[in-house]
Amino acid sequence: MTMTVWQSVIMIAAIILATVLTRSLPFIIFSGGRQIPPFVNYLGKVLPFAVTGMLVVYSLKDAPFNAWHGAPEFICTALTLALHFWRRSMLLSIAGGTLAYMFLVQKVF
Amino acid sequence: MVSKGFSPLYPFLMSLLIFAGSVEFVSVNLLLGAFEPLAAFLGAFMLNARHLFYAISMLKPYSNTGWKKFYLIFGMCDESFAINSMTKVPEGVDHGWFMFFVTLLNHFYWVAGATLGALIGSALDLPTEGIEFVLPALFVVIFAEQWLNADAHGAAMTGLAASALCLFVFGTENFMIPSMLLILAIFALLKRRVHA
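The listed protein sequences derive, respectively, from chains G and Z. Under our numbering, the letters of the first sequence match residues 1 to 109, in that order. Under our numbering, the letters of the second sequence match residues 110 to 305, in that order.
For reference, chain Z alone in the conformation it holds in the complex (with noise of 0.2 Å):
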């Protein structure tokens, strides 16, 4: 951002308060762009929408947390999800609080890394194309683990392959609506004899 003219306290604002990271990223065009609030409501909520899954998958593990449930939901970005709907809490360790530190750190590690990247990104210069490969990495890893755990393998596959044919047949920048709604039809369709 600071490349394109803004100061370093919008990545810092933004990653703190946005905390999406995709959202962060068309963000910075829409800035750019011309002043419609609600065009950038709509489109940040479309491609959010991903989280509306994320929250009907959470609303037991986050119900009986007290108050930090609101952190917890603000706080429900892909990473975030990714690591609090899959590790199991050791025995004796409160739940709330452990899911509630996994989300904190996530945000700081977030926060920290944008702002100390718009402080000194231009001055550093560092060989790090590539770097970027972490996140399909982090989600191939957890897709593996879940794998492992699970006894049936139907809900895995059909999220893999029904956002595959979305995305051949929709094309990378419109193929997520399409890919949830698709799941959440097989879903309906299949109702119970598809298990995860």
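Chain G extracted, bound-state conformation (with noise of 0.2 Å):
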């Protein structure tokens, strides 16, 4: 730690106020009798799903760098997909996905 107490205790709270305005921002736009015009209301059907969609890849970006160009995550992910279309039980698909992976990158990859 190069930094003093005071000083890192600033540079949190600079990180703390970003995170809380990136979530506030549109409920204070927005707020009180305030309209919200109907391209933001169509927005905000849509981009639920969109977002989704844009997780999946945040959350596999680095697959392609990993061991064997992202095989396990392919396999795992396919995996997980399998498991969900078959028993529809969130937990079973994530928790089987999960394991899966971590026999694969521990004991095969």
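Derived by calculation from the structure, the hints in this document are not laboratory data. Don't be surprised by glycine CBs; every beta carbon is placed ideally from N, CA and C. It is possible that part of the hints are untrue.
[What the hints assert, rightly or not] Computed cross-link-like contacts, DSS-like style, restricted to lysine-lysine with a CA-CA straight-line distance of at most 27 Å:
no.	chain 1	residue 1	chain 2	residue 2
1	Z	197	Z	178
2	G	61	G	45
3	Z	169	G	45
4	G	45	Z	197
5	Z	177	G	45
6	Z	113	G	61
7	Z	197	Z	169
8	G	45	Z	178
9	G	107	G	61
10	Z	300	G	45
11	Z	169	Z	300
12	Z	197	Z	177
[Unchecked claim] Just some of the chain Z residues that point at chain G, by a computed CB distance under 8 Å:
no.	residue
13	144
14	159
15	164
16	197
17	248
18	267
19	285
20	287
21	288
Join the two chains into one complex using the hints; note that each chain is given alone, in its own frame.
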């Protein structure tokens, strides 16, 4: 550590402020009785779906650079999906995919 | 963080007060670098810009939740958003309280995990390599669940394709902001023709 405690407190406060701001800005802009424009309403309907797609890509972004160019990620994503379409139990799909991934990266690849 | 010379108090307080995984990892490096609060602010804002999207999506669901709204907004991390935006709250359950507890439990697990890791991390030697796959697994399952519940898949495909394209063009470090701009541009251009 090179910073003083107060310096690191200020740094962390800046990071907290930025994080809270990204989460609250739309609520502040469209607060009170102000009418939400139709386009923003439309975004509110379609964005949750688009964002999930984006998060899938975001969480797997490093896969091509991992061992075997992402073969374990590819296999376990397919397994997670297969489990989910089979039983449709979130817990089973997530646990199954993760345990398979742990096994593959620790014992196989 | 403890392995880099910080007191265990740091991960405890940071997980409690920042409550944003990717930013917390980056802040470790920021705290080890030069004292530049403005750069830290801008960096955290860019990295968390996706939360602007979450907030727009949650304008309606989080309205009419009274004082709980403040905490719901503060605690809107990836996981809270993902669960609160897709779960159908059971009949007869107050949706404000339901989402409040989803967020609170997420927050609790996160702080508990970070603190326990800081206190006993080096003492334990569990073969945890690969456990980070829970995150993609969670998102993939939510994607599948939304897919099964939706009538049209234009919005889901837009998100997937636009970010995959930007990842290819801009690389792993810089693709999130272009992805979000591209998604917005597609929705603006094809207004109301892309459905969820």
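For each hint, the structure was consulted:
| no. | hint | verdict |
| --- | --- | --- |
| 1 | Z:197 <-> Z:178 | holds (18 Å) |
| 2 | G:61 <-> G:45 | holds (26 Å) |
| 3 | Z:169 <-> G:45 | holds (10 Å) |
| 4 | G:45 <-> Z:197 | holds (15 Å) |
| 5 | Z:177 <-> G:45 | holds (22 Å) |
| 6 | Z:113 <-> G:61 | holds (26 Å) |
| 7 | Z:197 <-> Z:169 | holds (14 Å) |
| 8 | G:45 <-> Z:178 | holds (19 Å) |
| 9 | G:107 <-> G:61 | holds (23 Å) |
| 10 | Z:300 <-> G:45 | holds (12 Å) |
| 11 | Z:169 <-> Z:300 | holds (20 Å) |
| 12 | Z:197 <-> Z:177 | holds (19 Å) |
| 13 | 144 | holds (5 Å) |
| 14 | 159 | holds (7 Å) |
| 15 | 164 | holds (4 Å) |
| 16 | 197 | violated (13 Å) |
| 17 | 248 | holds (4 Å) |
| 18 | 267 | holds (5 Å) |
| 19 | 285 | holds (7 Å) |
| 20 | 287 | violated (11 Å) |
| 21 | 288 | holds (6 Å) |
Hint compliance for this structure: hints 16, 20 are broken, all remaining hints hold.
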